[in-house]
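Q: Given these sequences and hints, build the entire structure.
For the record, the sequence lines run as chains C and W. First residue of the first sequence: 1, per our numbering; consecutive thereafter. First residue of the second sequence: 1, per our numbering; consecutive thereafter.
Derived from the structure by calculation, the hints contain no laboratory data. Note that the coordinates shown come from a computational prediction; the quantities given were computed from them, not determined experimentally. Incorrect hints may have been included.
Claimed, not checked - Label pairs and their in silico Cβ distance ranges:
1. Asn135/W - Leu13/C: 37 to 47 Å
2. Ile70/W - Tyr7/C: 24 to 34 Å
3. Ser409/W - Thr242/C: 37 to 47 Å
4. Leu16/C - Ser409/W: 17 to 27 Å
5. Ile180/C - Gln170/W: 32 to 42 Å
6. Thr14/W - Leu13/C: 50 to 60 Å
7. Lys46/C - Ile396/W: 36 to 46 Å
Where a beta carbon is used, it is the ideal one built from N, C-alpha and C, also for glycine.
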Amino acid sequence: MRGFIIYIAKWILILLVLAFAFDYIYTKSYTENKSRSVYQIIRGMKHEKFDYIFLGSSRVKRHINHELINKQTGLKGLNLGISAAGPSEVLLYLETFIANNNSAKTIYIEIGDKWNQEYPDSLASVYELPFVADTEVYNLFSPYDKYISYKRNIPYYRYAINSTKIGYRAVLGNFADNNIEKTLKFRPYKEKLLNTKPIDTRIKINHNICIDRIINLCKTHQIHLVFFTSPYLKVNDDGYKTFFKTNLPEYHDFSGSISDPTCYRDALHLNEKGANRFTRMVVDSLMK
Amino acid sequence: MTNDFALGWWIDKTENARKRKWLLVFSIISNIGVLCIFKYYNFFIQSWADMWALFDIKISFTYWQMILPIGISFYTFHSLSYTIDIYRRKLNHTRDYIAFGAFITFFPQLVAGPIARATQLLPQFMKTKVFDLANAKDGFRQMLWGLFKKVVVADTLAMFVDEIFSHQNQMPGSMMWLGSLYFAIQVYADFSGYSDMAIGIAKMFGIGLMKNFSLPFFSNNMAEFWHKWHISLSTWFRDYIYFPLGGSQKGKWKYIFNLSIVFALSGLWHGPKWNYIWWGLLNVLYIAPVTLLFKNRNKEKSLQTKTYRDIPAMLFTLLLFTFSVGIFRTESAHLALNLPSKLFHFDTKFSTYFFDSIERFALEGLLFVVLLLFFEWTNRTKEHPLQGKYAEWKSIVIIGLILIFGIFSDYKAFIYFQF
Numbered sequence: 001m002r003g004f005i006i007y008i009a010k011w012i013l014i015l016l017v018l019a020f021a022f023d024y025i026y027t028k029s030y031t032e033n034k035s036r037s038v039y040q041i042i043r044g045m046k047h048e049k050f051d052y053i054f055l056g057s058s059r060v061k062r063h064i065n066h067e068l069i070n071k072q073t074g075l076k077g078l079n080l081g082i083s084a085a086g087p088s089e090v091l092l093y094l095e096t097f098i099a100n101n102n103s104a105k106t107i108y109i110e111i112g113d114k115w116n117q118e119y120p121d122s123l124a125s126v127y128e129l130p131f132v133a134d135t136e137v138y139n140l141f142s143p144y145d146k147y148i149s150y151k152r153n154i155p156y157y158r159y160a161i162n163s164t165k166i167g168y169r170a171v172l173g174n175f176a177d178n179n180i181e182k183t184l185k186f187r188p189y190k191e192k193l194l195n196t197k198p199i200d201t202r203i204k205i206n207h208n209i210c211i212d213r214i215i216n217l218c219k220t221h222q223i224h225l226v227f228f229t230s231p232y233l234k235v236n237d238d239g240y241k242t243f244f245k246t247n248l249p250e251y252h253d254f255s256g257s258i259s260d261p262t263c264y265r266d267a268l269h270l271n272e273k274g275a276n277r278f279t280r281m282v283v284d285s286l287m288k
Numbered sequence: 001m002t003n004d005f006a007l008g009w010w011i012d013k014t015e016n017a018r019k020r021k022w023l024l025v026f027s028i029i030s031n032i033g034v035l036c037i038f039k040y041y042n043f044f045i046q047s048w049a050d051m052w053a054l055f056d057i058k059i060s061f062t063y064w065q066m067i068l069p070i071g072i073s074f075y076t077f078h079s080l081s082y083t084i085d086i087y088r089r090k091l092n093h094t095r096d097y098i099a100f101g102a103f104i105t106f107f108p109q110l111v112a113g114p115i116a117r118a119t120q121l122l123p124q125f126m127k128t129k130v131f132d133l134a135n136a137k138d139g140f141r142q143m144l145w146g147l148f149k150k151v152v153v154a155d156t157l158a159m160f161v162d163e164i165f166s167h168q169n170q171m172p173g174s175m176m177w178l179g180s181l182y183f184a185i186q187v188y189a190d191f192s193g194y195s196d197m198a199i200g201i202a203k204m205f206g207i208g209l210m211k212n213f214s215l216p217f218f219s220n221n222m223a224e225f226w227h228k229w230h231i232s233l234s235t236w237f238r239d240y241i242y243f244p245l246g247g248s249q250k251g252k253w254k255y256i257f258n259l260s261i262v263f264a265l266s267g268l269w270h271g272p273k274w275n276y277i278w279w280g281l282l283n284v285l286y287i288a289p290v291t292l293l294f295k296n297r298n299k300e301k302s303l304q305t306k307t308y309r310d311i312p313a314m315l316f317t318l319l320l321f322t323f324s325v326g327i328f329r330t331e332s333a334h335l336a337l338n339l340p341s342k343l344f345h346f347d348t349k350f351s352t353y354f355f356d357s358i359e360r361f362a363l364e365g366l367l368f369v370v371l372l373l374f375f376e377w378t379n380r381t382k383e384h385p386l387q388g389k390y391a392e393w394k395s396i397v398i399i400g401l402i403l404i405f406g407i408f409s410d411y412k413a414f415i416y417f418q419f
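A: Structure below.
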C-alpha cells in the first residue's frame, strides 16, 4: 500500500511539473504577442497619441467603422470594442491604456443594456485571464470572482477551465499570428435580420462603480469623455434615455436613430448596411 | 436490493420447479416493473395516445414528473442476473447482505456499467483481499486512459456533435455525415472511457470487472462489431433473452425474430424513444445477412492477426455504424426519419452564419478521431494502450494531452449516465 501511495505521489508531482510548464508556455505566448486580441494590443501599446478611441461591446466593435471615420475626418483613432464587454472591461482597457502613457483627446463609450453590469463579463473577460498576475486585471476580478486567487496561483488552472477560449487554439494563434491591423479591422455583421427579440434595457442599478471610476479617470487625465447609445431595433423599456441624460456628464442617444429593419442583424446589432449608416451619423453629430 | 436478496434465498431453498419459476417471475416483474415505471411510463402512455390519435381518438393523460434514479438500468440488470443465475443453479444464494449490497452498488460501475454478473463479481466480495501493487498501478493507468478518452476525445467531439445535430435542418448532408461519425466516436470514447475508468478503479481495489469493449472499430463486419461493443449488455441479452428464446437454433425466421426482439429491447434499454428502437432494428438488417449468408462467427479474426488489409472492411463497418448511430443521436423521431434522405443527398454547401465556427473548426475533430484510433490500433494486443514497454512514458504523454486538449470548461456528463 505504501508503494502505491508513493506511486500516486509521483504522478501528482508529474502533473504539477507539467502544469507549471504549460502555464509558463501559455502565459509567455500571451505576453509576448502584442496583437492577437484587443487587450494584448492595448497592453503592448506605449506612448501613442490618438484623436479618439471607441470603447464598448459588440455594439461598438460591429457598429463603428473607424476606418471610414479616419478616411472621412482625417482623424487618428481606433475602435477597441470587444464582444460582450461591459463597464468593467472598459475600465480595465482605459486604465491599461493610460498606464502605458497613451493618450486620446476624446473617448467614446457605448452604454445601454450593459449599464447594470458591474462585474466582469464571463465571455469578454476570459481573454484577460492570461494576465491575471497584472495588478489591474487581478483587481478587476477580485471583488466578483471568488476563485480568482486559484486562477492566479494554481498553475494552468485558468487555462484548463477556459480551454475552449484561451486554450491551445489561442496559444497556437499567438505563436502564428502577429498583425494588429488584422485584429482591429472593422468586421460588421453581414447577415440580414435573424430575430427581433426585444432587448432588456431596464435600469436596475442607480450607480455603476466602474462608470464612476471611468468618469474620474478621464477627469484626472483631462480626456473628453462622451457616452452614447448605439441603435436598437426593439427594447422593452426606454427609461434609460432620461436616466443617462441625467446621470452621465455627456450623453448622446442614437438608440432610435435607425428604424429600418434591413439595417439590423437582430434587435441588438446592426448589420453592415446599418453600421455604415450609423458611423456616418456619429461623424456628423459628434466629430465635425 | 432486499427484495432480490430474499428472493435469491427463497428460490435457492425451493425444490418445487413450478414455485421456483413463479418466484423468478416475481423477481423479474418487480425489477422490470420499477424500471418501467421510472423510465418508460411516459413513453408508453404517449405512444398509446399517439396510436389512438391516428384514428382521431383523443386520449387524455398526465405525465409523471419523476426524477430518474441514476444508473437504474444498470443495477436492475445486476440484480436480475443474481436471481436468474440462482434459478438456473449456476449460483448459490449468499447469506452475506453486505457482500450482496456491495455487488449491486459497487460504486465504479454503478451508474454506467459494465453490467456485472453475480457469478463473476459476487464471489470476489466474499474473498479476503491482498493488495497487489502491480495490479493497482495498472488500474491507475487504465483509469488515466479512460479519462483521456472522455475529456479529450469524447468531450471535444461533443461540442461539434451538439452544434451539428441541434441545427440538423440547416446542415448540409456532408456535415451530417461528419456529425454522425463524430457521434459514433464520441459515444464510444465516452462510454468505453467510463468503462476503462470503472475497471481501472475496481482494479485498484483488487476487484476484476468484466471487459466491456474490445476495440469494436476494428471489426470486419457488424456481427463482429456487436461482439465487441458494450459486451456486458450484449452478453446479458444473449444469455438471458436470446438463448431462452431459442437463439439461432430454430430456423432462420425464428432467428431473425429473436434477433429483432433483442435489438429492439436493446434500443429501448437506452431510453424511451422511437429512434432508439429504429436504431436497434436497423442493426438487425446489418447483422442478419452476415450471419445467415457467411456464418461468420467461426471465421472472426482475432485482433492480433488483423493487418492493414482488413482496413477496408473495418472502414465499411464504421460507415454502417455511423449511419445507424446518426439515427440514434437525432433529437426526435421525425428528425430520425429525415436523416437518411439528408445523408444520401450529399451536399457540401454551408448556409448561414450559425456555422462559422463549425466550418472553421469541425475538421479539427478528425485529429482526435485519428489520435484515438492510432493509439488503439498500435496497442491492439493489450488490454489498454498504457500497458507494456514504456507504459510510464506513455502515461506522461497522456497526462500532457489531457491537460492540453481536455475540455474542463463545459461539464459534460457521461452519455451512459442517462440510461
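Q: Compare the structure with each hint and give your call.
A: Results of checking the hints against the structure:
Taking 37 to 47 Å as the suggested C-beta distance range, the pair asparagine 135/W and leucine 13/C does not conform, at roughly 22 Å. Distance hint for isoleucine 70/W and tyrosine 7/C: a CB-CB separation of about 31 Å, consistent with the stated range 24 to 34 Å. At about 41 Å, the beta-carbon gap between serine 409/W and threonine 242/C stays in the expected band of 37 to 47 Å. Taking the beta carbon of each, leucine 16/C and serine 409/W are about 21 Å apart, inside 17 to 27 Å as hinted.
Taking 32 to 42 Å as the suggested C-beta distance range, the pair isoleucine 180/C and glutamine 170/W conforms, at roughly 35 Å. Our hint of 50 to 60 Å for threonine 14/W and leucine 13/C holds, since their Cβ atoms are close to 58 Å apart. In this structure the supplied range 36 to 46 Å holds for lysine 46/C paired with isoleucine 396/W, their Cβ-Cβ distance being about 41 Å.
The structure fails hint 1 only (numbered hints given earlier).
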